[in-house]
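A.B. asks: Chain by chain, the residues run as shown.
Protein chains: 2
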Amino acid sequence: MMSHDQLLDLLRRHPNQYVSGAMMSEELNVSRTAVWKQIRKLEGAGYEIEASTRLGYRLVYSPDAISSEELTEARSSQRFGQSVHYYEQVKSTQDAARELAEAGAPEGTLVLAEEQTGGRGRMGRGWVSPQGKGIWMSMVMRPHVPIHCAPQLTLLTAVALCRSLRRLTVLPIGIKWPNDLLIHGKKISGILLESAAEDERLKYIVAGVGISVNLSERDYPEELLTKATSLRIEAGGAFSRSAIVKDFLAEWETLYDLFLQEGFSAIAALWESLSVSIGQKVRLITPQGELEGVPVGLEESGAIRVERADGSIVTIFSAEMGEPLSRS
Amino acid sequence: MMSHDQLLDLLRRHPNQYVSGAMMSEELNVSRTAVWKQIRKLEGAGYEIEASTRLGYRLVYSPDAISSEELTEARSSQRFGQSVHYYEQVKSTQDAARELAEAGAPEGTLVLAEEQTGGRGRMGRGWVSPQGKGIWMSMVMRPHVPIHCAPQLTLLTAVALCRSLRRLTVLPIGIKWPNDLLIHGKKISGILLESAAEDERLKYIVAGVGISVNLSERDYPEELLTKATSLRIEAGGAFSRSAIVKDFLAEWETLYDLFLQEGFSAIAALWESLSVSIGQKVRLITPQGELEGVPVGLEESGAIRVERADGSIVTIFSAEMGEPLSRS
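Chain order of the listed sequences is A and B.
Position 270 (the first sequence) corresponds to 270 in UniProt numbering; numbering is contiguous.
Position 37 (the second sequence) corresponds to 37 in UniProt numbering; numbering is contiguous.
Take these hints with a grain of salt, some might be off.
Quick list of simulated restraints, FRET-style, between CB atoms [claimed, not checked]:
#, chain 1, residue 1, chain 2, residue 2, range
1, B, Glu-222, A, Ala-103, 53 to 63 Å
2, B, Glu-102, A, Pro-172, 35 to 45 Å
3, B, Asp-310, A, Arg-79, 30 to 40 Å
4, A, Pro-287, B, Ser-312, 35 to 45 Å
Calculated from the structure, these hints are not laboratory results.
Small disclaimer: the values here were computed from a predicted structure and weren't measured.
The beta carbon of each residue, even a glycine, is placed where N, CA and C say it ideally should be.
With the sequences and hints as input, model every part of the structure.
C.D. replies: Structure below.
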């Protein structure tokens, strides 16, 4: 029997070169069908292998590891990610973190998974989260703030992620209201904050963050390719997922502490400076109906002020924001 | 073997009179110990039986029934309580309703129990909820409003319950901020709204309402008697629990529809007119620390405006409010 590792070693000894199926079959002493089967397994584990009937196989991308040990090393002073629950595969990091929160897990408890089989986005939508290529994480937060601050924490999380990813990738990443991160209009991350409250007090928040780090175009269903992208697709090279998680957690905690001490104003200013929504005419679908207008700024509450064609300003607390419209 | 019913029949044939143990033992053809055991069973089921070593036993109170059929009769036009899940005994109606909400139960789904074995109040505190004497209920709400409206719905629920109970009992019931109902400073009901939200959108609310309808002083631990009372203790007579549930659900739905159509202003005005907190100097324990002051009115957000000794006004979103202080 040939193992994953032998095949991988062989491919790695020929960086950026094709290795013919015949050569692999001979060197590993297995059938060409067995080679093909192992190739498929490696692909399932996050490796990308280019196959050419004429030339053979070429290793294009190896997933990096996010290990719990690596992440918890030397972070005694930091609360976010202090305790990491790491899964090779999980239905949804959000559901796992919620169970931990219900059981009393402290603030900063982090759930990370290499792969989600039932990843969730906003409003019950699915979320593409294949193995070894993205960051799929959920964290327990326990801010002692009233319930109306929850939307502010959604915006804060988007600001922290945007600042961290801009610093590490130098890509032109912007925030679409309230919390999608876009590059050239395509989504590279999703944020979902699920809050549990008793009367006017927040009990806990489970903050889910999905980042499409090293996904290739082949990882997306075709109909998503006009709307979604990854850092790797945009930058033309892969990034270390561990490095991103570490940097983001530190940035997130810094802004969170600033928010708890000083309130939302500074965060709102950062959000506005990073937003691609401000000043662009859009259609908004609210529970009360649709409207068109130009977002002009954030309210202290986290709601967005939208200027309509007649010059009136409406305050929108909750809506789905569409693509930018051409200015009429 | 003697049944509950035979003993109960015997007591009922002697309204407001003592029946001697000897006579009961003879008439039912059982031992006096067997009589005593059945008396204890009846007490466990919500009956109150006065025992005198000299005179015997006297039936003081029989619990009324809350049946699901009774509640659902002829309510085709009403959403609140449209579907009733009725339990003889349940750990917590709140937990049962939350499970229903998570599974997609529609707005107005009601959980009612004759007895809670683990009733919950605010901040994880217990709640005295013995069999057959109170109304222990939780309802699923699915308002299409942003998350910051959740505290408004807490206040709305208190207004609806206060209006309904005042109408049915003519007792001087007032609201202590945010949502406790008091008679002469003692608590007669508790309200707990647990909200689940995704980002800035409410997913559902489970509204728990506990009403101490027909509890006697013997139903409370002694240390609670200075703080808690029941409608029966205050009025000197029992009330029909079914009638209260029906009237309250109708009032609650009426105010809820008003809120969805017209916003919070009218509800806030009703709350202020029923409140015993306005104008009384109190100590407030907030997550940021303690303060003293006189509540002067509600904010549109549901927060309360408190005037301090130096004349400054602070807005309090979340606090535990203490007993009224003597004016200094």
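A.B. asks: Hints first: check each against the structure and report whether it holds.
C.D. replies: Hints versus structure:
{"no.": "1", "hint": "Glu-222/B <-> Ala-103/A: 53 to 63 Å", "verdict": "violated, 34 Å"}
{"no.": "2", "hint": "Glu-102/B <-> Pro-172/A: 35 to 45 Å", "verdict": "holds, 40 Å"}
{"no.": "3", "hint": "Asp-310/B <-> Arg-79/A: 30 to 40 Å", "verdict": "holds, 37 Å"}
{"no.": "4", "hint": "Pro-287/A <-> Ser-312/B: 35 to 45 Å", "verdict": "holds, 37 Å"}
Hint compliance for this structure: hint 1 alone is broken.
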